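So you can see what is in the structure, the chains are spelled out below.
2 protein chains.
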Amino acid sequence: MRRDIFQAIADPTRRAIIVLIALQPMTPNAIAQHFDSTRQAVSKHLRILTECDLITQEQKGREIYYSLEVEKMKEIDHWMEQFRKIWESRFSQLDHLLDTIKKQKK
Amino acid sequence: MRRDIFQAIADPTRRAIIVLIALQPMTPNAIAQHFDSTRQAVSKHLRILTECDLITQEQKGREIYYSLEVEKMKEIDHWMEQFRKIWESRFSQLDHLLDTIKKQKK
DNA sequence: GGCTTGGTTTATTATTTAGTTATACACTAA
DNA sequence: TTAGTGTATAACTAAATAATAAACCAAGCC
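Each protein sequence line maps, in turn, to chains A and B.
So the first sequence is residues 1 to 106, counted in this note's numbering.
So the second sequence is residues 1001 to 1106, counted in this note's numbering.
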């Protein structure tokens, strides 16, 4: 069973859950009410997100509050870094080109 | 058949292909030789990547060179933006806290 | 034309995935 | 203790995936 962060965010429902609990922790019930999803389905998604350490849970009485482990999202950001470098360098190349054109006009 | 960019990068082989052709365009055969993968398997992955506009192809003789549409990767980056905001704001809150502590020491 | 090579497509298979229903567990209040 | 509420788990189903083998298409070369 593959269980990595990229797999986790592949599902649109899970992405929505992530966004939902990014700012304030929520209970499974509250999350389920936000979609047309059953509590069980949400519960399963939360399990998957937990398994790759993307979310943490805190029990308060009989309710469980899930919250996003926002630091973990940096792993995706880190993978993106290499592409960011590419488009930034291309941009600066374009920048340089425009500069050259400007100078030729003078 | 769901076909979005998050689904596309969920597969580790596809992520490897993306990285591989990010800097220089490559033929399916060349890509397949980089992994222990058959040409057919690679061809399928390239199809999926093409379908969500992540890569483009250019025919040269009987060879097809695939290259990454790096601009498209910005869509992921854009989704990440909201989380980046969160961790940056948390960092500045921490910053502020450290500042306060420093002032108290004076 | 016929052969080889680079690439894609089709059919098939095994595995994973997402969801549902039903069952079980845990905490709280009466 | 019993009832009720919030969650999790188990069993099952339908659909999606990823991979393979075999067939197919097109470009270049003899």
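Among the clues, some could well be false.
Claimed, not checked - Below, computed lysine-lysine pairings styled on DSBU-like, alpha-carbon distance capped at 30 Å:
(1) Lys85/A <-> Lys1103/B
(2) Lys44/A <-> Lys85/A
(3) Lys1085/B <-> Lys85/A
(4) Lys74/A <-> Lys1074/B
Unchecked claim - Covered by chain B, per the in silico footprint, the following chain A stretches (three or more residues, Cβ under 8 Å):
(5) 29-35
(6) 72-78
(7) 85-91
Hints are computed from structural coordinates only; laboratory data are not their basis.
If you're wondering where the values come from, they're calculated on a predicted model, not measured in any experiment.
Just so it is clear, CB atoms sit at the ideal spot from N, CA and C, and this is done for glycine as well.
Hint check:
Simply put, Lys85/A and Lys1103/B have alpha-carbon atoms about 39 Å apart, too far for the 30 Å limit, and the pair is violated. Taken as a hint, the Lys44/A and Lys85/A pair is broken in the structure, with Cα atoms around 36 Å apart against an allowance of 30 Å. Taking the CA atoms of Lys1085/B and Lys85/A, the gap is near 20 Å; set against the 30 Å cutoff, the hint holds. Taking the CA atoms of Lys74/A and Lys1074/B, the gap is near 16 Å; set against the 30 Å cutoff, the hint holds.
With a threshold of 8 Å between beta carbons, the proposed coverage of the segment 29-35 of chain A by chain B is violated, since 0 of its residues qualify and at least three are required. Coverage of the segment 72-78 of chain A by chain B holds [criterion: at least 3 residues with CB-CB distance below 8 Å; count 4]. Requiring three or more residues with a Cβ within less than 8 Å of a Cβ of chain B, the coverage given for the segment 85-91 of chain A holds, as 3 such residues are present.
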